[in-house]
Amino acid sequence: MTAGAGVRAGRDAAGRGRADLLVDVLAVVVLTATALSAWTGTFAGPWWLVAAGAGVVAGVLLALATDLLRLPWWAAVPGLVAVLALLGPPLSLRGTAAGPWPTPASWAASADTVTDGWRRLLTTLPPVDGGGPLALLPLLLALVGSCVALLLARRTRAAWLPLLVPTVVGVAVAALGVVSPGGVLVRGLVLLAVGLLWGTARARRSVVTRTGAPVERFATAALLLAVVGVLVGGGASLLAPGDREVVREHVDPPVTTTDRPSPLAAFRAFRPVADDLADQELVRVEGLPAGTLLRLATVDTYSGTVWAAGDGTTDATDGSAGFLRIGARIPREDVGREVTARVTVGPGWVERRELRLWLPTLGDETSVEVEGPRGADLAERLRYNLDTGAAVLPGGLDVGESYTLRARLGAGAVPAGGVGATPTTPRVDPELTRPMARLVAAADVEGRPPQEQVREVGAWLRENGAYSDGGPGQETILPGHSLGRLETFVSETEPAGNDEQYAATLALTAAHLGLPARVVLGAVPGPDGVVRGADVRAYVEVWDDGAWTLLPPEDFVPDRDKAPSPRAVRQQDRSRTAVVPPPIAQRPPSSEDGFSLDESSSGQGRTATTEIGPGPPVWLLVTAGVVAVPVLGVPAWTLLLLGAKGLRRTVRRRRGSPRSRAAAAWQDVVDTLRDAGYPVRARDTRREVARAVGGRSVADAARAADIATYGPGSPSPQALDFTWSLTRRVRADVADGRSLRERWRRAVSLASFLPERSAEPIRVPSGIHAGRLVERRSAS
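Counted from 1, the sequence shown has number 624 at position 624 by the UniProt record's numbering; the numbering is strictly sequential.
Hints may be right or wrong, so weigh each one.
Straight line, CA to CA, 25 Å or less: simulated SDA-like cross-link-like pairs of lysine to any residue [claimed, not checked]:
1. Lys-562 - Trp-460
2. Lys-562 - Asp-528
3. Lys-645 - Pro-72
4. Lys-645 - Arg-661
5. Lys-645 - Lys-562
6. Lys-562 - Leu-550
The following label-pair restraints were derived from C-beta to C-beta distances [unchecked claim]:
7. Pro-72 - Glu-369: 46 to 56 Å
8. Pro-347 - Val-50: 26 to 36 Å
9. Thr-685 - Asp-20: 29 to 39 Å
10. Gln-667 - Pro-90: 14 to 24 Å
No wet-lab data here; the hints were simulated from the structure. Please read all numbers here as calculations on a predicted model, not as lab measurements. Quick reminder that beta carbons are idealized off the backbone N, C-alpha and C, glycines included.
Hey, can you work out the whole structure from these sequences and the hints?
Right under this line is the structure:
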């Protein structure tokens, strides 16, 4: 070959290398961006796209730098940490107290998001604020995904392996996102097209540079098609949103309400007979249209003791959607009348523990904003149940604090399974609804549609029942709505009670008939916008023909001036004294209690906790973790590999027949050369390796191994010791004249542990002359 032809061949090879690099970069960028686009319905606003784009660019640049400097793959790990520490605060913490600048406080906040942000994302109503702290998650996935994918593309010749990274990113994004993200078909087609084109280009690139066996080429093509099929099949499965499951559907919400006293059980406190809250101001509302119902609390789970708010944490109730953090907005259908109301809590609301947890709502909110100096902190603790339209705030508001509700009256919630799907109201145990069969039979409504039966039972209760708050002369008519109390209630000829018993009974009747139902504690504010205790009533909501139907108390509760007859009072008294139960060791459950299923009989208090002293600040732990990666990780990794290679050498020298141990000595030489960058293989003849690499020590080792392996008779122990001593000379010659950094890189190289590349020509790595080993050994 002439000099000109060699120059042209070198230029052609360099051009192909640049083209291959460009193809890899473009494919990684497009695949990663397409996989991350599944979060379009999860995040709101453009800032999460900025964070994801910055992560892709930074990951690609970091991978290129790692490959250009010929650093080991794990050297990119501290680089990823450093990039995340620099880009994370300005892209995700702009409006927070930690600030947008890289400081210990912002690093601590970022570290908290990296570890706990996934749970917060799953327990926040989508769409999430794309400019908030959770924007760090798209940045993290884009950064790590693009860096790892490009490093694999540059460090391996396997055509299918780099495609696994966008696959993992896409599956993670789809699992962490909303149920039905947009653009599924387009996303799947892009993944299919780019994945096939990139995989084909890499496979052809591999064919040009080496000659693989037909079986190997067939296996590569099969793996490529399988990976691309998985990549696109996951996206194609999203085309059926009704069957798709995401992680957020199986994550327990962080706020539980089942261990709190039921607000319905406190209904008698609102009545004048209790002289408690009847005339007290509970809340004051501004901007609410006249006659609009203010929903104080909604309970949808019955335990046999009380109606309470389900939180989806127990298998016994099938789980409701639960109370979730509010994202950028609350998803509602774009219908209904827009209303903005300002609610201020009064002393009556704050003083009652059954009410303090709750925030009165309208049920069709699009946003809830807490005002005042504590607004940001309270907003972080505020939780909203999309199915019931109820809100809770652990710790509650103080007297005089306000919040603003923006709602679309009549819009209704968008169910988790899509518009028209069945709500996730917990199912009531059929054993608890069995007494309601007597009421259905008494109302003589069997055979009619369930919705009509519920209405007729309500009308029967209103017509045949009586109203009583247990006032003077009616003390035997008890409060509560436990199963025992309701069994007595429905068995009476003239049921007697107030909204609590009538609403609880009608909701259980609907459940008995197979209809999801819940009880709403609500009130219509007066002309002055004030809600007092006497204004509170109990409503029942029943799922009817794809929507919730609100049954007002006027449909099932007798008029308040319809007192029970003396006979009904005597029946209640006899039902109390007919059976005298034996004394019990533990206090029975009360309607004033919650019904946490975690401690049904343990007798342990929920507040019994172990006092733990304050730990070190989070920023210190994050800094220590970042510093520990290079300070402790690098030496530990070095010692681990050196120990593994030493153990491998010892096993080879001591195990097997003398001929096998002599052949193992040459295998050790090959492993040393591979770790040093020489592309030699165990199947190359020893003389071929010695000629290609050069150096007297390699040639002597090859000659000694040939004699010991193919010579007459078994090699003597002295011959084996001499052969193994030559392996030490090879290691010394290979390391001679090299810098400490290059010696360390060879010591931690994984080349000798990885499968050999097939059918590559033996060549000397750039910068190493074959004759240098000869010259140094001769000089010594």
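Verification of the hints:
With a C-alpha separation of about 15 Å, the suggested pairing of Lys-562 with Trp-460 holds against the 25 Å cut-off. Distance restraint check for Lys-562 and Asp-528: the Cα-Cα separation of roughly 29 Å exceeds the 25 Å cut-off, and the hinted pair is therefore not satisfied. Proposed proximity of Lys-645 and Pro-72 is supported: the alpha carbons are some 17 Å apart, at most 25 Å. The straight-line distance between the Cα atoms of Lys-645 and Arg-661 is roughly 16 Å, inside the 25 Å bound, and the hint therefore holds.
Taking the CA atoms of Lys-645 and Lys-562, the gap is near 92 Å; set against the 25 Å cutoff, the hint is violated. With a C-alpha separation of about 24 Å, the suggested pair Lys-562 and Leu-550 falls inside the 25 Å cut-off, and the hint holds. Look at Pro-72 against Glu-369: about 51 Å separates their beta carbons, and that is inside 46 to 56 Å. Pro-347 and Val-50 have their C-beta atoms about 47 Å apart, which leaves the hinted 26 to 36 Å range violated.
Between Thr-685 and Asp-20, the C-beta spacing of about 32 Å keeps the proposed range 29 to 39 Å intact. Between Gln-667 and Pro-90 the C-beta distance comes to about 53 Å, which lies outside the given range of 14 to 24 Å.
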